[in-house]
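*Asks:* Per the working numbering, the sequence shown starts with residue 35, numbered consecutively.
Honestly, the hints are just simulated from the structure, not real lab data. Keep in mind that a hint or two might mislead.
Computed beta-carbon distance windows for the label pairs [claimed, not checked]: (1) Tyr113 <-> Lys232: 25 to 33 Å; (2) Gln289 <-> Tyr113: 20 to 28 Å; (3) Lys128 <-> Ile160: 48 to 56 Å; (4) Leu286 <-> Gln100: 16 to 24 Å; (5) Lys163 <-> Arg214: 20 to 28 Å.
With a Cα cut of at most 16 Å, we get these calculated EDC-like pairs of lysine to aspartate or glutamate [as the list claims (entries may be wrong)]: (6) Lys232 <-> Asp374; (7) Lys163 <-> Asp181; (8) Lys440 <-> Glu139; (9) Lys360 <-> Glu305; (10) Lys401 <-> Asp374; (11) Lys141 <-> Asp126; (12) Lys360 <-> Asp374; (13) Lys72 <-> Glu139; (14) Lys182 <-> Asp161; (15) Lys369 <-> Glu404; (16) Lys360 <-> Glu311; (17) Lys359 <-> Glu305; (18) Lys356 <-> Glu311.
Glycine included, every Cβ here is placed at the ideal spot set by N, Cα and C.
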Amino acid sequence: MNSVAIIGGGASGLMAALFAARGGADVTVYEHNGAVGKKILASGNGRCNIINTNATYHDYAGNDPQWITYALKQMSFHYFQSLCHSIGLLLDIKDDGRCYPLSNEAKSVLIALKNGVIDAGVTILIDSKVISITKNDSHFIVQTEQDKQSYNKVLIATGSEAAPQLGATADGYGFAKKFRHEIIPTYPSLVQLHLSSKHPPQMAGVKTVAEVTLLIDGKKEGTVTGDILFASYGISGLAILDISQKASHALLHKQRVSISLNLLPRYERGELVNILEKLFASIPKHDIHTALCGLLPAKIITYLLDDAHIALCAHVSTLNPKEVKKIAHLIGEWKFDVIDTHGFKHAEVSGGGVSTAQVNPKTMESKLVEGLYFAGEVLDVVGRRGGYNFNFAWASGMIAGKEMAK
């Protein structure tokens, strides 16, 4: 019987354990935390956006996003849904492709998956931190703080540095390096951004809907519309998370990063100028701050006008056409320089990792070391928000598990 060690009890590791055990392997999962699946429980604000029905390689970043095409095809949504049914998990499928457990609780996902793994005969060792992995002839030696064991095959499914408060570490990269694997520089993704402006701390807590455009070295790299939330360090919100991967990757490579906010995306610029002119004409005795309160959050108005160099107390009747156009321009294109991310502690996932050029996409086996496999976030694959990172975790874990059982 194949003896298999899986390092990491997260989404990809547990999925690999399930398939390897079902395929007849003797499987042991090593988890350094006191419980498996901590990131599963925390995902989707405790709801777990478990998969996306529409995933393609276009939803991922890395040195070679097309590398994951085979994995995504092997685990189609219908296949995944059948697998979930086999472990007692029913799904709630949304129109936009997002998918959640029918219970709307991440806990349901972990309970079903863990019980499925245990039913398949997998041994789970918690509080078992792996210190080293070495290979002697055809066997791997897995050394923990307690003891060491020998295995035919090893899967590194240790995840990334994102969310260290949940036990995330960079251990997997160290193991991979010892086996001569290249590590693509890592960076936080699905993360909040730090801005250089003095205004965000004063606007902290203000939430609105905006169109966010990302600019890298002055070139437009993408636009999304959604919630933004100003914070003491800068800016957050779903729209910010959606552009954060490209922003974080650019910062890693010392590129100039900025964002442009359109605070009233429903209006074209010329249309907004006309709206402001009519508004100001109807209330000529009001000050400019009061006049704009029907359009924008009050705190935002204060600092928007500061950047426009227009006094808050100025009566709208005193504004000239050039100043009205300037206000309209800032509402539609308020720019901020991005100087950093909010770090791995606040990131949902990480970009970079073990180079996929050195891993077989059809087996998840190392091209350098026979019997060594990789799955999940430890690899140089990062998805966008919406269940895509789980897509890859499940798919890569399934493939590795099947292959290790052979």
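*Asks:* When the hints from earlier in the document are held up against this structure, which numbers fail?
*Replies:* 1, 2, 3, 8, 10, 12, 15
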